[in-house]
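Visitor: The primary structure of each chain is shown beneath.
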Amino acid sequence: MSYFKRDKRAYVLLEDGTLFKGFNFGVEGTSTGEIVFTTGMTGYQEVLTDPSYYGQIVLQTYPLIGNYGVNNDDMESVKSWVSGYIVKEWCEEPSNFRTTATINDFLVRQNIVGVWDIDSRALTRKIREHGTMNGAVTTEDLDDPETYARVMKLIRETDNIRPVTKVTSKKKGWFYSRENRANHVALMDYGYKRNILRMLLQEGCNVTVMPAESTIDDIKRLNPDGIMLSNGPGNPEDYPDLIANIKDFMAYGKPIFGICLGHQLLALANGGKTRKMRFGHRGLNQPVKDLNLDRVFVTSQNHGYAVESVPEEAGFVSHVNMNDGSCEGIEYKNCAAFTVQFHPEASAGPNDTGYLFRKFTDMMEQGQRTRLKGDQ
Amino acid sequence: MPLRQDIKKVLVIGSGPIVIGQAAEFDYAGTQACKALKQAGLEVLLINSNPATIMTDKAMADKIFIEPLTLDVIKRIIIDEKPDSILSTLGGQTGLTLSMQLAKEGFLDAHDVKLLGANVETIDKAEDRQEFKDMMQKIGEPVVPSKVVTTVDEALEFADQIGYPVVVRPAFTLGGTGGGFAHSEEELREIARNGLRLSPITQVLIERSIAGWKEIEFEVMRDAKENVITVCSMENFDPVGIHTGDSIVVAPCQTLSDKEYQMLRTSALKIIAELKVEGGCNCQFALDPENFNYAVIEVNPRVSRSSALASKATGYPIAKIASLIAVGYSLDEITNDITGKTPACFEPVIDYIVVKFPRWPFDKFVYAKRELGTQMKATGEIMSIGSSFEQAMMKAIRSVELGFDTLSVEKYRKASDEEIREALTRRDDERAFVVYEALYRGIELEEIQAKTQIDMWFLDKLRHLAVMERDLIEKGLSDERGAERLTVAREIGFLDSTIERLTGEKFPRKYAGFKMVDTCAGEFAAETPYFYSTHDEENEAEIFLEEHNLKDHKKILVFGSGPIRIGQGIEFDYCSVHCAWTLKDLGYDAVIVNNNPETVSTDFDTSDRLYFEPLTAEDVRAIVETEKPDGAIVQFGGQTAIKLTQHLKEIKVPILGTDPKNIDAAEDRELFDELLERCQIPRPEGKTVFTTGEAVVAAGELGYPVLLRPSYVLGGQNMIIAHEDKDVVEYMNIITSRKLENPVLIDKYLMGTEVEVDAICDGTDYLIPGIMEHIERAGVHSGDSISVYPPQTLSDEIKETIVDYTGRLARALDVIGMVNVQYVVHDGKVYVIEVNPRSSRTVPYISKVTDIPMVDLATRIMTGATLRELGYEPGLNPEKDYVAVKVPVFSFAKLADVDTQLGPEMKSTGEVLGVAHEFEDALYKALVASGNKMEREGGVLISVRDMDKDEALETAKRFADLGFTIYATAGTSRHLSRNGVVNYEVRKLSEAGPNIGDLLDSGKVTYVISTSTKGRQPGLDEVRMRRKAVERSIHLLTSLDTANALVSSLENGRTMEDIELVDITAI
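Protein chains in written order, with my numbering: chain A, 1 to 376; chain C, 10001 to 11067.
It cannot be assumed that every hint is accurate.
Dumping the calculated DSSO-like pairs for lysine-lysine here, alpha-carbon to alpha-carbon at most 27 Å [claimed, not checked]: (1) C:K10369 with C:K10341; (2) A:K172 with A:K273; (3) A:K359 with C:K10138; (4) C:K10270 with A:K359; (5) C:K10451 with C:K10510; (6) C:K10009 with C:K10114; (7) A:K8 with C:K10475; (8) C:K10506 with C:K10341; (9) C:K10628 with C:K10652; (10) C:K10649 with C:K10748; (11) C:K10225 with C:K10138; (12) C:K10510 with A:K8; (13) C:K10058 with C:K10104; (14) A:K359 with C:K10114; (15) A:K276 with C:K10341; (16) A:K276 with A:K220; (17) C:K10276 with C:K10114; (18) C:K10933 with C:K11028; (19) C:K10114 with C:K10063; (20) A:K359 with C:K10276; (21) C:K10829 with C:K10933; (22) A:K273 with C:K10104; (23) C:K10038 with C:K10138; (24) C:K10133 with C:K10063; (25) A:K21 with C:K11028; (26) C:K10075 with C:K10058; (27) C:K10270 with C:K10114.
Here are some chain A residues pointing at chain C (derived, C-beta under 8 Å) [to be verified]: (28) G17; (29) I243; (30) M322.
Simulated from the structure, these hints should not be mistaken for lab results. In this text, a Cβ means the ideal position worked out from N, Cα and C, and glycines have one as well.
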């Protein structure tokens, strides 16, 4: 029982010197990264395996984590990408029919330093008020001044440059849908969540997962019906090469659907602007209004950067965040593309915006029909 | 969409008296609704028969009718007042059913009244079992195999097809009344028959049992623009099979992965979309713990008990938002009050866990069947908030006020392993304690799980508590892990005082800090100071006080009254809320402490700061350490708050109002006697005894009948009237076996008229808004008596004496604030029975009918004003030209084996009020409001004890003169015949048929009058007969006074149509 196993001290240190003392789970060691909080009350395994969290230390605001353990099905990628994990309490006796291991076992297997039993709400409030900060999770003794200085130095040196290159597939991957609608989608892997792939397959698309650096020539060789720009980690402005490729994709004329980082990259490719947010949106309860439908949908989100604007001639804002008015989606006028900042593939989170995948397939089918007409 | 332009005047229907299954949550919902509608600029009309509510307060609506909730009355109001719409979804099942009937009859259309919140099709789809099933099939949502039947034979046939056990669910009944599990044909026959009878449309559903599945609930909202959100998910500790109102419930769900959670969430949203609900909706699911199979069990397209819980658990005000949606607003237009910036169109997330724990009435009804099933039995509930399940559970146990500070119960600790293993298979109110005991003694989780089907997650968490308790007892705090043990024990919810008790060791106290409830897990800054305690680094309440420069504000703590229970109901919430409002008005920071999620007092905008906490000394101490209040008010929170007085005094928190030592003087028998002597006020002769021998001697000296009770009581707990030595011996045996430390009081029992007054006193002057006279003679608990304002039979001289005595007592006790005094008038002489220097259950109603805001005045006086300064003439307030009659309402139908005979122990759960110019009319109204159909024909069955036989003769004659057929049991029959009252003798239940049972089944009996010297034990003939009457919904009268009042009302000949309706805001 974790309550009675408080042997190993662990710390969370922020770049401003704020220190939280807790206990260790997962592996021992020191790990640094940007500390971000996520407010979802379920879906911790999906968070841990979402490549968009690459290099970040994730803090769960919900205090009881690991209640249903981990299982083999809820992986959003092959492994966990977080550089540290912070919870109030983890559950040593999970209870769910799919459970194969505890969250602690999982972190150990994934070589992740975890800290529990800190005032997680105080840390959340700190990040909310000061904005996202770098920090460390460590089992080293920070009461020792030398250690403290060394860890602080590590925090200051922390960077997360072009993390897409760390998480993207090295090789292409082919996936076939059991449905026979058989649109073919090139899924640009900037760190895609598996559920994007699952949703596409469910919508009857065959999917080829493409490494992030793939060029228009690579795409053309596939002759896809549409291109999916996936989610992924990092600052979108750090990827001028990917943005240049995306400009080529636009010119190619096939429907494009972008999610999260994909949304940001397409905006930059169109001369738009992005900005770093104070502490981002991470959770499963973000209200987003679809301006076309005049309806609000509850969405799953995980991003620290946002699109500020795109030039008027390129496109218009189609979705808005109801909490802070930030841009949540764009429809393009100059190419067959639409993108959203949130995660319509959910997992974790509500499935309320799954209709966007249908919209994408409809666009692809429309495109096929147009091409057929053109052939005649 | 903004406010609909076609809505200007809305009629809101309340839920009526508090009964099991429909409690204070609808006052909370209704109050929010009225406030929201008025803020939207609408004219609001309100009807509710329950005078103890906050929603029936003058400021809440433009016109308020405390009138019977019947179709005829509502129609009259609609015709007279011409509302353009009616809000149906905020008044519980009562409000919904009435609205549906009005709509279906075409009455609403004919009078151009729009139905807001839900439409007829919606309600039918949700409530009619077949339509519900059809709808689910249409949208592809699974349900449990089931069939709607209208006869017992059909039920048996279907059960044969799907196999036993089956569940019986009657259509359109409150809290699942009349339902249950049937394991055999014989059981099904009984349950189905009962269910069919109780269902207003004679319909029950027979379905396959899914025992052992998880029970999960979702609270969802939808607006006319089809925006849909879920507010909260909840998981029941008990698997499917125990009514959710009787289950321990946690929020949010704990054992569901995101996949399962989203599966059920999506289903709930599909359902609300299909139902086209505009407002809130509750969806209940059963989820197979072994796979992804689930079934939709029930849908409530209205605000409910669960939605009140969800609102308090998350900070999201469902009732308010549902009301705004009903009048046209959409979710994206409504602001989330907690953040003050973000819209209401989002899903709350929380960073704590909530536990709801029911409060059952079995402490009052010791002979009631405690088994839990599909029929709800709890009268109220508490909610606790913690950082962990363990902590929240420990707080829950303290909040529910059973006298425990852990889950250990002595009788189970003493039981053998064998007994505990056996007890694990029982499903009753003590199940959590049995499970805990099993864990405490190390019985394997697997065995407990197999027997209880409670999820391993909960069992494991409870085990943490059990292991900790054991470690504290066995290892103490002095070994090498002692310091760590202390820290962990605190974190998982043990109080320092509990740790001290268990370890026998002293250590420096450490008080908990506080965290905020903010709907968003800290993502946004919150405006609303709503706190719960935990042991963590940062104390947000302290930071809040600093940041808002509140440290120097004058702050006053106001205590709520905890869970709704018999004897301590919604009326105390009325008082606490009014007190807070007045304090705010006076410029103080009102700080409320309470733990009842069903109430207005725990609404985050009632006070300046809300602490959702147990009402125990140490929990309150932590709040005091943070708030550093300038004073505390204990007069309004019932006995729960009074119990804190001593502790507050010890920690030097000034008690506003009457000095605590004078509160003691009223409760302590010897001090009280001295006081009366000083004031020269007589009371029924009495003695204090400790042993059975002493009691018998004392009773002999006083002369029978005598009244026996323990010295500290609430709601007449454990009180009896003894008529002979045998009764005294039986009673003393029960009492002494419980090792009561306080003595037993034994009083001469005077069969006189009971009179009650509430007074406000400023230390010099006193004001009595009105005198209330009880219809039933002394001996029936005042809470169960019909009470009349102003008195109808008292002479001016008696009234003057009462006013004089009240003044003497108030002055002698130096009352600052409220005092309640109960008198008995016997042979023209006035005796004092009881003095309570605090607010009482009659305060809300007497405030409303006399137009004297008692709580407001008392609060002002406690903070320094005088009556004269406030513009009130001391003495008895001139009588109004209205008569108000309060009639109690019972929940006997829901509690098997409870004797319905009224006595000194309180049994009612709620009350209704009738207001009219004439006494008879007011009484008639109140009787109708209490559910009496006031039938003028049929039969009256009379079975009375010997001492009542002469009086019963008169009553019988009057019923016979009205044309009723009189039936009577042997003794009574002989007496009636001998005195010329024609009657049919009926054999007792224990005798051969045809007997009383058959007569009651025949439908020939309209009223039953039954009094007996003995009661309580369910095996007794009289008790069984009374139960039978309750089960057949036959009106039962257990006091001749009540029977006479009823017959007078019938003799009067007037009916509701002849009686004016009264807008009480115009009184």
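Visitor: When the hints from earlier in the document are held up against this structure, which numbers fail?
Guide: 1, 2, 5, 8, 10, 13, 14, 16, 21, 22, 23, 24, 25, 28 and 29
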